[in-house]
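These protein sequences, in sequence, are chains B and V.
Oh and the first sequence: position 6 is 6 in the UniProt record's numbering, straight run, nothing missing.
Oh and the second sequence: position 200 is 200 in the UniProt record's numbering, straight run, nothing missing.
It should be emphasised that the hints constitute simulated quantities derived from the structure, not laboratory data.
As the structure is a computational prediction, the values presented were derived from the model and not from experiment.
Honestly, I wouldn't trust all of these hints.
[As the list claims (entries may be wrong)] Taking beta-carbon pairs under 8 Å as the criterion, some of the chain B residues facing chain V (in silico):
1) Met56
2) Arg78
3) Asp79
4) Ser82
5) Ser86
6) Val87
7) Leu89
8) Glu91
9) Pro95
10) Gln97
11) Gln102
12) Leu106
13) Thr109
14) Pro110
15) Leu112
16) Gly116
Backbone N, C-alpha and C fix where the C-beta goes; we use that ideal spot for every residue, glycine too.
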Amino acid sequence: MKRQVLIGKNLSLGYGSGNQKKVVLSDLDFNLLSGQMTCLLGPNGVGKSTLIKAIMGKMEPFSGSIELFGSAPSTYDRDALSKKLSVVLSEPIFPAQMTVEQLVALGRTPYLNWSGRLSDEDKNVVNRSLEATKLEYLRKERLGELSDGQRQKAMIARALAQDCPVMVLDEPTSHLDLVNRYEVMQLLQDIAKTHQKAVLVVTHDLDIAIETSQQLWILNCGSPLISGTPEDLILRGEINHLLPSDKYFFDSKRGKVVMHYQKTKIEIEGPDELVYWVEKALIKSGKPFPKDSIRISTNPFRIFCQDKEFTRISELIEIL
Amino acid sequence: MKSNRTAFLFLVCLLFLGMIFLLNLSLGSVEIGFSEVFWGLITDHWEKASYREIVLNFRLPKALVAILVGIGLSLSGLQMQTFFRNPLAGPYVLGISSGAGFGVAVLLLAGSALGFTVGAISPWSTAFAGVFGAGGILLLVSAVAWRVRDSMTLLIVGVMFGATVSALISVMSYFSQAESLKLYTIWSLGSLGGLGWNQVLILAVLVLFGTLPVIASTRSFNALLLGESYAESMGINSMKLRWLVILSTGILAGGITAFCGPIAFVGIAVPHLARLLWKSPDHRILFPGSAVVGAGLLLLCDTISQLPGSAQTLPINAVTSLVGAPVVIGLVIKRNFSKEF
Numbered sequence: 001m002k003r004q005v006l007i008g009k010n011l012s013l014g015y016g017s018g019n020q021k022k023v024v025l026s027d028l029d030f031n032l033l034s035g036q037m038t039c040l041l042g043p044n045g046v047g048k049s050t051l052i053k054a055i056m057g058k059m060e061p062f063s064g065s066i067e068l069f070g071s072a073p074s075t076y077d078r079d080a081l082s083k084k085l086s087v088v089l090s091e092p093i094f095p096a097q098m099t100v101e102q103l104v105a106l107g108r109t110p111y112l113n114w115s116g117r118l119s120d121e122d123k124n125v126v127n128r129s130l131e132a133t134k135l136e137y138l139r140k141e142r143l144g145e146l147s148d149g150q151r152q153k154a155m156i157a158r159a160l161a162q163d164c165p166v167m168v169l170d171e172p173t174s175h176l177d178l179v180n181r182y183e184v185m186q187l188l189q190d191i192a193k194t195h196q197k198a199v200l201v202v203t204h205d206l207d208i209a210i211e212t213s214q215q216l217w218i219l220n221c222g223s224p225l226i227s228g229t230p231e232d233l234i235l236r237g238e239i240n241h242l243l244p245s246d247k248y249f250f251d252s253k254r255g256k257v258v259m260h261y262q263k264t265k266i267e268i269e270g271p272d273e274l275v276y277w278v279e280k281a282l283i284k285s286g287k288p289f290p291k292d293s294i295r296i297s298t299n300p301f302r303i304f305c306q307d308k309e310f311t312r313i314s315e316l317i318e319i320l
Numbered sequence: 001m002k003s004n005r006t007a008f009l010f011l012v013c014l015l016f017l018g019m020i021f022l023l024n025l026s027l028g029s030v031e032i033g034f035s036e037v038f039w040g041l042i043t044d045h046w047e048k049a050s051y052r053e054i055v056l057n058f059r060l061p062k063a064l065v066a067i068l069v070g071i072g073l074s075l076s077g078l079q080m081q082t083f084f085r086n087p088l089a090g091p092y093v094l095g096i097s098s099g100a101g102f103g104v105a106v107l108l109l110a111g112s113a114l115g116f117t118v119g120a121i122s123p124w125s126t127a128f129a130g131v132f133g134a135g136g137i138l139l140l141v142s143a144v145a146w147r148v149r150d151s152m153t154l155l156i157v158g159v160m161f162g163a164t165v166s167a168l169i170s171v172m173s174y175f176s177q178a179e180s181l182k183l184y185t186i187w188s189l190g191s192l193g194g195l196g197w198n199q200v201l202i203l204a205v206l207v208l209f210g211t212l213p214v215i216a217s218t219r220s221f222n223a224l225l226l227g228e229s230y231a232e233s234m235g236i237n238s239m240k241l242r243w244l245v246i247l248s249t250g251i252l253a254g255g256i257t258a259f260c261g262p263i264a265f266v267g268i269a270v271p272h273l274a275r276l277l278w279k280s281p282d283h284r285i286l287f288p289g290s291a292v293v294g295a296g297l298l299l300l301c302d303t304i305s306q307l308p309g310s311a312q313t314l315p316i317n318a319v320t321s322l323v324g325a326p327v328v329i330g331l332v333i334k335r336n337f338s339k340e341f
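Construct the complete structure from the given sequences, taking the supplied hints into account.
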């Protein structure tokens, strides 16, 4: 049974006070569940960071309520909150001399006395976090010598060592390459499942979020927060709320965002997946379309057009 | 293996500190043998009665002051660097030395500038003037610390306070008599000597009280390495820590400057040396490490300052910079440590 750990009801957030109030987010309703990864998506400036701030207890709602395990995050004292909620922030501050192990051990801070001495139990937790993130082999490496992906995983390991039921990550994949994006998200999803944590990830990678998360929250200017499993949102077309202009739409067949373009008048014969790419290349080139029809053959890959044979699309485009 | 290296380094540094300590006691206008000092201190049996007088009442207090000042300034510098996350921060960035200087300047210069005379100038009176000056600037900084959330803003305001107060001192120097100006200039060059046992005791108490709050928040300083937001997410009260830092630095840097004048360089350089030696950002290692290195470095500088001709001594403030700056420049260029901070 999945547990509701963070509940927002009619939540309105913003900055300023009195007459100068500037509402950023209004009437949000949400439910963060344990044991699964939830991805928060939305365009830049829509107020994702504001929502994160409210979850971290750094701001009071204008109206409505936000409850972490039954009480507002801003009413928790720092100690108690640091045992409920761990974060990975988007600000990049890394002491280059620190080793991965030392970084992960910092996650134990809420449980330590003034001297910061780790007990055997703390050391065990650190080891388990390193294991869960598959970072044991980097244990003694210094942060300054790691790649961005490794460093981000180390930050996740630190948050894991803090041993909180809720983890919030603000754009953890933003500086990473494609493979590392998948790996980090997969790791977070594993953590959510195996450790029964509620993981909330702010991200801009729609396709990876669809691939890896069990729940999407879509924030858009002026509309309520839409939440649901990625598949539901796709089938009901709600995912298109992420794409404010009509220029783009979510192609549910291919699972990605594509541009609207005029249907071409050219006829292309051949296997579907090849036709797609040839058509795309022709449209992108901006050149006039060939008058004759185009035929594509596989094994070997050839394009036939205007009585000529091409081995690459670029060759065809060149003669147009 | 790593903890072995840490312990070994501590041992080496402590041995070095002991050696420098004995060397420091044996050198001076009257040269007293190394072993003579060693056995004299242990058995209280001296070859000449004058040796006992020289060592116990002149050189020993001075050496102890060097150790206390080295510890105090280094710890104060380390906490400032971590708190402001700025490798150039030091004990004086909040304007404390300028504040103390202002107090002393009022005592030494304002009299001649405004045409009244102050009573006899003693280590006590300059110390009081320094404490008042440093305390005043600390109150101003605290007033700002109440209002601003961002520690960088606090840093800038501290530096600006320092600049303002220095300007006031310049104005006073411009209008004051040559003799009092010289007194002030000598004070501003720093001096570890000239303090009696009473003053050494007070300095020791100040350093102890200034150090305790820092040691007690080792955990918070470690968490602060990741920045204020992360520290707060791990349950650290950064506002409380800010007050501890202001209080501790006020006591350490303020007290030391009041008794010994401004001593440049140690506070900024020693934490970097400790980081390079122990290759760790962990304050459980860096606090004791900086303390040992700081004490050793200042003793070394004091020893060097009495070497030339052996009868005269160089101003300690000049020696610390002359000795230390090349060392740090060399290390920075070789290790590129601005990235390793």
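Results of checking the hints against the structure:
Interface restraint check: methionine 56 of chain B against chain V, minimum CB-CB distance 7 Å, threshold 8 Å, status holds. Taking 8 Å as the C-beta cut-off, the interface hint given for arginine 78 of chain B holds, the closest approach to chain V being about 5 Å. Hint on aspartate 79 of chain B holds. Least Cβ distance to chain V is approximately 5 Å, under the 8 Å limit. At about 3 Å, the closest approach between the beta carbon of serine 82 of chain B and any beta carbon in chain V falls short of 8 Å, and the interface hint on this residue holds.
Satisfaction of the interface hint for serine 86 of chain B is found here, the shortest Cβ-Cβ separation to chain V being roughly 7 Å, below the 8 Å cut-off. Because the smallest distance between the Cβ of valine 87 of chain B and any Cβ of chain V comes to about 5 Å, under 8 Å, the interface hint for this residue holds. Interface hint status for leucine 89 of chain B: upheld, as the beta-carbon distance to the closest one in chain V is roughly 6 Å, under 8 Å. Given hint, glutamate 91 of chain B at the interface with chain V, holds; its Cβ is 6 Å from that chain's nearest Cβ, closer than 8 Å.
Against a cut-off of 8 Å between C-beta atoms, the interface hint on proline 95 of chain B holds, since the closest Cβ of chain V lies about 5 Å away. Taking 8 Å as the C-beta contact cut-off toward chain V, the hint placing glutamine 97 of chain B at the interface holds, the least distance being around 5 Å. Residue-level restraint check for glutamine 102 of chain B holds (minimum Cβ-Cβ distance to chain V is 6 Å; threshold 8 Å). With its C-beta approaching chain V no nearer than about 6 Å, leucine 106 of chain B sits inside the 8 Å limit, and its interface hint holds.
At about 4 Å, the closest approach between the beta carbon of threonine 109 of chain B and any beta carbon in chain V falls short of 8 Å, and the interface hint on this residue holds. A distance limit of 8 Å between C-beta atoms decides the matter here; for proline 110 of chain B the minimum to chain V is near 4 Å, and the interface restraint holds. With 8 Å as the threshold, the beta carbon of leucine 112 of chain B comes within range of chain V, its nearest partner Cβ sitting at about 5 Å, so the hint holds. Because the closest C-beta pair between glycine 116 of chain B and chain V is about 4 Å apart, less than 8 Å, the hint holds.
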